[in-house]
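Undergrad: Since the structure of chain A is provided, determine the placement of chain B on it from the hints.
Residues per chain are reported as follows:
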Amino acid sequence: MPKAKVNGVEVEFEPGMTVLQVAELAGEEIPRFCYHERLSIAGNCRMCLVEVKPGPPKPQASCALPAAENQEIFTNSPMVKKAREGVMEFLLINHPLDCPICDQGGECDLQDQAMGYGRDETRFDENKRAVEEKFMGPLIKTVMTRCIQCTRCVRFVTEVAGVPEIGMTGRGEDAEITTYLEGAVNSELSGNVIDLCPVGALTSKPYAFNARPWELKKTETIDVMDALGSAIRIDARGAEVMRVLPRINEEVNEEWISDKTRYACDGLMRQRLDRPYVRTGGKLQPASWAQAFDAVVEKLKSAKADRVGVIAGDLQDAESMKAALDLFGSLGVTSLDCRQDGAALDPKAGRTSYLFNSSIAGIDEADHIVLIGVNPRHAAPVLNVRIRRAVMQGTCKVSVIGEQADLTYGYDYLGAGPETLTRFASKPPKGAAKPMLIVGAETVARADGAAVLALVAKAAKAMGAVKDGWNGFNILHTAASRVGGLDMGFVPGEGGLTAAQMVQKGALDVLVLMGADEIDLSVSDAFVIYMGTHGDAGAHRADVILPAAAYSEKAGLYVNTEGRVQMASRAVFPKGDAKEDWAILRALSERLGKTLPYDSMNQLRAKLFADHPTFGQIDYVATGAALDLAAVGTAGDLSDAAFAGPAHDFYLTNPIARASVTMAECSATAKAARVKPVAAE
Amino acid sequence: MSVRRLAKDQPASFTFSAATLKQVKWWLTKYPAARKQSAVLPILWLVQKQEGWVCEPAIRQIAEMLDMPVIRVLEVATFYTMIQLEPVGKVALIQVCGTTPCMLRGANDLMKVCKDKIGAKDKLSADGAFTWQEVECLGACSNAPMAQINDYFYEDLTPETLAQIIDDFKAGKAPKAGSYAGRHSSEPTGAITSLTDPALYDGSKAAKLTLPNLPEAEPA
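Respectively, the protein sequence lines represent chains A and B. Heads up: the first sequence runs through residues 1 to 681, numbered per this note's numbering. Heads up: the second sequence runs through residues 1001 to 1220, numbered per this note's numbering.
Simulated from the structure, these hints should not be mistaken for laboratory data. Quick reminder that beta carbons are idealized off the backbone N, C-alpha and C, glycines included. A hint or two may mislead.
To be verified - What follows is a set of in silico ranges between Cβ atoms, one per label pair, in the way DEER data are often shown:
#1 B/Ala1007 to A/Gly238: 47 to 55 Å
#2 B/Lys1121 to A/Pro2: 27 to 35 Å
#3 B/Ala1033 to A/Met567: 46 to 54 Å
What the hints assert, rightly or not - In the DSBU-like style, the derived pairs of lysine-lysine whose C-alpha atoms are separated by at most 35 Å in a straight line are:
#4 A/Lys461 to A/Lys427
#5 B/Lys1121 to A/Lys134
#6 B/Lys1170 to B/Lys1049
#7 B/Lys1036 to A/Lys430
#8 B/Lys1115 to A/Lys128
#9 A/Lys128 to B/Lys1121
#10 A/Lys134 to B/Lys1090
#11 A/Lys128 to B/Lys1008
#12 A/Lys397 to B/Lys1036
#13 B/Lys1025 to A/Lys397
#14 B/Lys1008 to A/Lys205
#15 A/Lys134 to B/Lys1008
#16 A/Lys671 to B/Lys1090
#17 B/Lys1115 to B/Lys1090
#18 A/Lys134 to B/Lys1036
#19 B/Lys1123 to B/Lys1008
Just chain A, with the same shape it has in the complex (with noise of 0.2 Å):
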């Protein structure tokens, strides 16, 4: 490997990299506004200036400079420090002197920078330049006379999200970024740009003006809006969660976050179950806890076990479901369901037949991905930009069986249904040295999810998709509690009903629902205890409501898509008598007379680990495990019906996003810009 001096030590580095990464490899930090590993290098803002020799006999973009072998690199001789200062005063010439009431300030690039590059008093008398606000969306506010004209929101949505919208008009000393036309940006992943903003031109509209970074306390945890389980950090004041923000897992969301997690947060304060409701009368009232248990336990003792039945929601931690199964088990029921959606997956299987086998760093690998009713732009917008990448890369090819959407890549499109999936099953393309087969939950979910499913596998075998050291069969997930609830077997047991059958009229006497938001009830009969955290549709039709903690307020296990447990940790306490759900379950199976063996969320744990050994490998994707293609999916007949997408919308998916203002805002923006595509002045 090549070698240069950095500052006189010596340090050896990949061919191709940069002298700012040569510097970084020596420990050198080098400041910079318009440079982001993840995108390309724009070279504008021209901080990241160093004296390189042999050379000119003046300062280097380090961002743009390829490092060569013997290179000397000054990271900060005077002349490094005078350009520095330099470029730093030219910015800050037309940088409003606004920290004071920007959003940005405490986290601000430009503010560090200037602490180390700026100098005390302006020598600048001309009038500063001012430019409009522009409108992007309800996520995005604007001040836009902050921007220093780093590109880097331009280069995100083009390069990263897929979706060109923001561009800088004119030149010079009048340029600005702007959409065009000022409509909305109509990406999923439009937040981001406000992290990658280096100053206060872009924030986030809903968090305006409401907290300084250092006045919340941050925890870092794990995203349950999609099934990817995304790396974020929750930073709370007091009881509330004031904003969501990814960190960085490499192996998952890299540096993404959805839309939806970030912003769907405002939710998690509204409509909020903060104390037990018994309903009389047919109206719900406040309860206590101890009038609560009583007529749940009532009702419990009174139903024989097979007329029970509990269904496990999407956002359900590992821990609260383990605590049912193992009460209700107890109990002797058999009715337990953790596919509120009907998907036809089925643990006896084995753990591959419902996982994404793949892995999400897998992606990056693969050579041609066919995505079989999913839209991953939706379904997992984070794992949409890995897919556009490597199709961008030109590694990777795509096919579509299904929706024929806008996914920000080219695709080839095979057709709308299951009739092409038998045609594909029959006569698959062959050649790909790693194929991956990427299904879609809620098309797994449809009334012959169990035929499709065998014969994406029957397709899979064809293709040569599983094989030694490559499993291309992958199930894409949209619930977060999904994979865990399978993991542990939250499936009916012998004579048990599923999901589907338990919401039929006179089919239960007791229906258990936990935070199961997703599922039509309007034909059951049951006697419903809720236990959840929103006033949603559940709760609506609930004859007992036990409130519960949400995911920003509990400790708890999440299993991926890709089969990765993480876990998750308390940001905030449940609000008001709320309590977290396996407390809740214990509490329960103490009145019932079957008290569960655990006091403490480690015994819980401890009994969950040995119960079900996946769930004590945490943050570790078990790849190599083996697939019977042929035990996945019962062979069966096909409906004619195409694959749709989703049919809800992508901000609206679980109570604490239905719950939220911005992403109803959101909803009806991405609405309006699917009415018109192209927004009228």
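TA: Frame of chain A; chain B shown alone:
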């Protein structure tokens, strides 16, 4: 220069005329199909030739034609001051050079004439026939002061000659382009005072060049 924005009043639609479309096709053949975005500037110019200015529906059409995001076309259109984003005078667009050499030679007087005869700078005249703008150096400093009117340079202007030119345009005439001080191009205004020896121009003073290794080189 000031902030360049699209005009407030935009036509509902834009159509390429047959003649423009023919030229657009010719330009498109100059670039490989995958790089047809390269034709964005010539096409913007052709649209401006057709309409006098570039309207928003045209920008959208160009984006569609070239398979590029519409914001990219807007970026180009707003970057180049040569592209007019507002309607301009149907008869004449007068661009008076205001950069130092022209200014020293009386560009301000020319602008006053424009102001008196046409109206405010950058605004369409009341009859819609004229627009005048102040522009940066047009590269004809030796013939200062000057103005570009539509496609041609009008040089060595005085307030009187410019007023005459505007009047001629108003009368529907086509005033001749070039110098209004009787010059052919940018030669000295008076008589030639240096380099007067005719021998300079008949080739007799040129040294004989011997280039090595030329096939037809004479032997030394």
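Undergrad: When the structure is checked against the list of hints, which entries are broken? Sort them ascending.
TA: Of the numbered hints given earlier, those the structure breaks are 2, 16, listed in rising order.
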